Amino acid sequence: MTLNKLHCTSILVSVLIVMSCGQNKNDSKHYNYFLNQGEIFHTSFHIKYAYHRSLEKEILEELDKFDRSLNPFKENAIISKVNNNQPVETDSFFVTVFNKSMEVSRKSKGKFDITVSPLINAWGFGFKNMDSITPEIIDSLKQFVGYEKISIGENGEIVKADPRVQINTSAIAKGYSCDVVANVLKRHGIKNYMVEIGGEIAAKGVNDKGECWHIGIDKPVDDQTGMVHELQTILSICDKCMASSGNYRNFYVKNGKKYAHTIDPQTGYPSEQNILGATVIADDCMTADAYATTFMALGLEKSEELAKHIPGLYYYFIYKKPDETLAVVCSEGFEQFFN
Numbered sequence: 001m002t003l004n005k006l007h008c009t010s011i012l013v014s015v016l017i018v019m020s021c022g023q024n025k026n027d028s029k030h031y032n033y034f035l036n037q038g039e040i041f042h043t044s045f046h047i048k049y050a051y052h053r054s055l056e057k058e059i060l061e062e063l064d065k066f067d068r069s070l071n072p073f074k075e076n077a078i079i080s081k082v083n084n085n086q087p088v089e090t091d092s093f094f095v096t097v098f099n100k101s102m103e104v105s106r107k108s109k110g111k112f113d114i115t116v117s118p119l120i121n122a123w124g125f126g127f128k129n130m131d132s133i134t135p136e137i138i139d140s141l142k143q144f145v146g147y148e149k150i151s152i153g154e155n156g157e158i159v160k161a162d163p164r165v166q167i168n169t170s171a172i173a174k175g176y177s178c179d180v181v182a183n184v185l186k187r188h189g190i191k192n193y194m195v196e197i198g199g200e201i202a203a204k205g206v207n208d209k210g211e212c213w214h215i216g217i218d219k220p221v222d223d224q225t226g227m228v229h230e231l232q233t234i235l236s237i238c239d240k241c242m243a244s245s246g247n248y249r250n251f252y253v254k255n256g257k258k259y260a261h262t263i264d265p266q267t268g269y270p271s272e273q274n275i276l277g278a279t280v281i282a283d284d285c286m287t288a289d290a291y292a293t294t295f296m297a298l299g300l301e302k303s304e305e306l307a308k309h310i311p312g313l314y315y316y317f318i319y320k321k322p323d324e325t326l327a328v329v330c331s332e333g334f335e336q337f338f339n
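Residue numbers for the sequence shown follow our numbering, beginning at 1 and rising by one.
These are calculated hints, taken from the structure and not from any lab test. Given the structure is predicted, the values throughout are model-derived calculations rather than measurements. Among the clues, some could well be false.
[To be verified] List of simulated lysine to any residue pairs, SDA-like, C-alpha gap at most 25 Å:
(1) Lys57 x Pro87
(2) Lys81 x Asp162
(3) Lys65 x Phe41
(4) Lys74 x Ser54
(5) Lys74 x Thr96
(6) Lys74 x Tyr51
(7) Lys74 x Glu58
(8) Lys191 x Lys81
(9) Lys109 x Leu300
(10) Lys321 x Glu332
(11) Lys109 x Gly299
(12) Lys149 x Asp131
(13) Lys57 x Phe73
(14) Lys81 x Tyr51
(15) Lys191 x Asp64
(16) Lys160 x Tyr51
(17) Lys204 x His30
(18) Lys209 x Tyr51
(19) Lys149 x Asn85
(20) Lys81 x Gly153
(21) Lys149 x Tyr51
(22) Lys57 x Ala77
(23) Lys81 x Val95
(24) Lys107 x Asp284
(25) Lys81 x Pro118
(26) Lys186 x Lys149
(27) Lys204 x Lys320
(28) Lys186 x Gly299
(29) Lys109 x Asp239
(30) Lys109 x Asp139
(31) Lys321 x Tyr269
(32) Lys142 x Asn155
(33) Lys149 x Pro135
(34) Lys160 x Asp91
(35) Lys74 x Arg106
(36) Lys204 x Leu35
(37) Lys149 x Gly198
(38) Lys74 x Asn36
(39) Lys160 x Ile120
(40) Lys109 x Pro87
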């Protein structure tokens with residue numbers, strides 16, 4: 001279902017959190033709203049919740065455990081040992097992300113694939129290796145790219161069809177880290193919180209004004225610096241999670257042609273689909289994060305069809321029409337999130 005364009009005019013790329021600190025007068029226990037913020041996983045985080053004390057220590061300890069499991073830049077992390085074919089005992093963080101990744105890969109018929117890591121590395125950060133990429137290099141790397149080439153055995157061991165298979169969970173792990181923090185808060189009985197890590201959101205209950213959490217959305221701009229922000233609209237999120245993926249700030253231009261930052265694991269090349277920005281709302285942030293990336297590689301028609309089969313999932317796509325103009329389409333029910 002396509003909503004009236006008047007109500008779907010914002011373009012989703014990055015997220016700005018609209019929030020304030022204070023005391024919730026509607027809370028019978030008069031909890032304070034605490035705000036913990038900083039940097040982790042090379043990105044920023046903002047975590048706000050109603051409680052009688054700060055849980056910053058507990059939150060950071062859990063994020064550190066997560067980091068030691070799924071940070072591919074940490075030498076002793078579980079994911080690094082998996083990539084280096086070292087003996088390793090997986091943990092619940094790794095297994096949860098791995099299993100969800102395999103699920104999304106199957107449902108998307110391989111458009112989401114955590115084994116795309118060799119291709120990402122070949123293109124280089126910011127496409128720095130663009131001029132040296134050849135069809136021969138891509139073909140050679142594709143021999144050991146494919147989600148069906150790695151699995152977890154009955155005894156928890158990693159099984160690879162080729163030892164050169166490597167995984168990169170960046171398209172799903174950031175969202176899951178929001179769920180991980182949310183679980184810490186839930187264990188303490190917290191009913192009102194908002195977790196934002198690198199633009200992905202897990203929200204429950206209300207803010208300190210007794211309202212759904214207000215999530216500000218940026219207007220789209222061709223800005224590779226990430227410094228240009230102009231608020232387009234505000235969503236209201238209660239008891240849901242949200243993730244966005246977009247190519248407005250992550251692209252490479254060569255000979256007048258723009259290449260998206262999303263690498264298609266099946267072609268080995270940057271995606272050339274018509275979706276330029278995708279925001280997904282779901283019951284958990286890991287799911288939202290994975291499908292936001294998946295839709296960028298699938299294109300509009302296939303994404304709309306796939307989304308029909310994912311219960312509780314809502315999408316908002318900005319896409320390019322054949323005449324190069326931009327348009328927006330939302331899933332049925334997305335209008336409930338407009339502020």
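Status of the hints after comparison with the structure:
1. Lys57 x Pro87: Violated, at roughly 31 Å.
2. Lys81 x Asp162: Answer holds: Lys81 to Asp162 is near 15 Å, not above 25 Å.
3. Lys65 x Phe41: Roughly 12 Å between the alpha carbons, so the hint for Lys65 and Phe41 holds.
4. Lys74 x Ser54: With Cα atoms ~28 Å apart, Lys74 and Ser54 exceed 25 Å; violated.
5. Lys74 x Thr96: Roughly 19 Å separates the two Cα atoms, so the pair holds.
6. Lys74 x Tyr51: 33 Å, violated
7. Lys74 x Glu58: Distance of about 21 Å is within 25 Å: holds.
8. Lys191 x Lys81: Roughly 37 Å between the alpha carbons, so the hint for Lys191 and Lys81 is violated.
9. Lys109 x Leu300: This hinted pair holds, its Cα atoms lying about 15 Å apart.
10. Lys321 x Glu332: Roughly 21 Å separates the two Cα atoms, so the pair holds.
11. Lys109 x Gly299: Status holds; Cα separation ~13 Å.
12. Lys149 x Asp131: 29 Å, violated
13. Lys57 x Phe73: 23 Å, holds
14. Lys81 x Tyr51: 38 Å, violated
15. Lys191 x Asp64: Between Lys191 and Asp64 the Cα gap is close to 24 Å, so the pair holds against 25 Å.
16. Lys160 x Tyr51: With a Cα-Cα distance of about 45 Å, the restraint between Lys160 and Tyr51 is violated, given a limit of 25 Å.
17. Lys204 x His30: 18 Å, holds
18. Lys209 x Tyr51: Holds, at about 15 Å.
19. Lys149 x Asn85: 14 Å, holds
20. Lys81 x Gly153: It holds: about 16 Å lies between the C-alpha atoms, which stays within 25 Å.
21. Lys149 x Tyr51: 45 Å, violated
22. Lys57 x Ala77: 21 Å, holds
23. Lys81 x Val95: Cα-Cα ~14 Å, so holds.
24. Lys107 x Asp284: Holds: Lys107 and Asp284 sit about 17 Å apart, inside 25 Å.
25. Lys81 x Pro118: The given pair, whose Cα atoms are some 16 Å apart, holds under the 25 Å limit.
26. Lys186 x Lys149: Violated, because 36 Å separates the two Cα atoms, which is more than 25 Å.
27. Lys204 x Lys320: Not OK: Lys204 and Lys320 at ~34 Å, beyond 25 Å, violated.
28. Lys186 x Gly299: Measuring from Cα to Cα gives roughly 36 Å; hence the hint is violated.
29. Lys109 x Asp239: Not satisfied, since the Cα-Cα distance of roughly 30 Å exceeds 25 Å.
30. Lys109 x Asp139: The given pair, whose Cα atoms are some 20 Å apart, holds under the 25 Å limit.
31. Lys321 x Tyr269: 21 Å, holds
32. Lys142 x Asn155: 28 Å, violated
33. Lys149 x Pro135: Since the Cα atoms of Lys149 and Pro135 sit roughly 22 Å apart, the hinted pair holds (cutoff 25 Å).
34. Lys160 x Asp91: Between Lys160 and Asp91 the Cα gap is close to 18 Å, so the pair holds against 25 Å.
35. Lys74 x Arg106: Violated, because 29 Å separates the two Cα atoms, which is more than 25 Å.
36. Lys204 x Leu35: 15 Å, holds
37. Lys149 x Gly198: 30 Å, violated
38. Lys74 x Asn36: Holds, at roughly 24 Å.
39. Lys160 x Ile120: 19 Å, holds
40. Lys109 x Pro87: Between Lys109 and Pro87 the Cα gap is close to 30 Å, so the pair fails against 25 Å, i.e. violated.
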